[in-house]
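Engineer: Position chain B against the provided structure of chain A, taking the given hints into account.
Residue numbers (the numbering used here), protein chains in the order written: chain A, 28 to 112; chain B, 406 to 537.
Since the hints were made in silico from the structure, they are not lab data.
There are no misleading hints in this set.
Straight-line distance between alpha carbons at most 27 Å, and here's what the computed BS3-like set of lysine-lysine pairs gives:
no.	chain 1	residue 1	chain 2	residue 2
1	A	Lys33	B	Lys424
2	B	Lys500	A	Lys69
3	B	Lys525	B	Lys500
4	A	Lys98	B	Lys415
5	A	Lys30	B	Lys415
6	A	Lys73	B	Lys500
7	A	Lys98	B	Lys500
8	A	Lys42	A	Lys98
9	A	Lys33	B	Lys415
10	A	Lys69	B	Lys517
11	B	Lys415	A	Lys42
12	B	Lys517	B	Lys531
13	A	Lys72	B	Lys517
14	B	Lys500	B	Lys513
15	A	Lys98	A	Lys30
16	A	Lys98	B	Lys513
It should be emphasised that the depicted structure is a prediction, and the values quoted were computed from it without experimental measurement.
Residue strings, one per chain:
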Amino acid sequence: MPKEFKPGCERPATKPEKTDATAQPETVRGETRHATEAPMVKIGKKAPEFTAPAFHQGRFATFDLAEFSGKWVLLCFYPGDFTFV
Amino acid sequence: MSTDSMFAHKMWNDHELSKMVGGGVPFPMLSDPGGRIGTLYGVYDGDAGVDTRGRFIIDPDGVVQGFEVLTPPVGRNVAETLRQVQAFQLVRESKGTQATPSGWRPGKPTLKPGPDLVGKVWEVWKTDMAFD
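The following block holds chain A by itself, in its conformation from the complex (with noise of 0.2 Å):
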């Protein structure tokens, strides 16, 4: 179930935890690579587990993916709020 939480300045632990954001780039065939990039997931395979804080009906939660098991799920990324989707 999402865990409603009252936030302050405090920020909800999120999963997965903090990559090594400090990594130098790495130049692959011309085009610059960061630490923090990585190849895509698989169809046909597990989709990664996360936790993550979320805005939902008037309230803040955080919501893992396992909490969705047993229903069809949607996950849309998109790059910034007041864009479309």
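Structural biologist: Positioned in the frame of chain A, the structure of chain B alone reads:
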């Protein structure tokens, strides 16, 4: 999900999206601080520091059935996404005995893969059926 904070999500919902969708956004607006989850899914753009337009269909077993990723200037086709979900649901309910050819929509015939179908698809699925 975006790299914006949940507070920014609230502002977007309250000041814009709720004017487009009655009652506001019905599903969780997830926050991805630092793009860690986007990194896990391979859609985080480290140069711009944002998640790109990645869309993943995940089945009830937690398995990724499909995904689509677009660069920021082009939006997705929600109707096409829903069509794919309906197709995946039909295939799952049939326990893999049925398949949906290109352009399939609910109500159109499905294919029953097997030895008898080899070389016979043209008999049951005409080219114009792939277009609306």
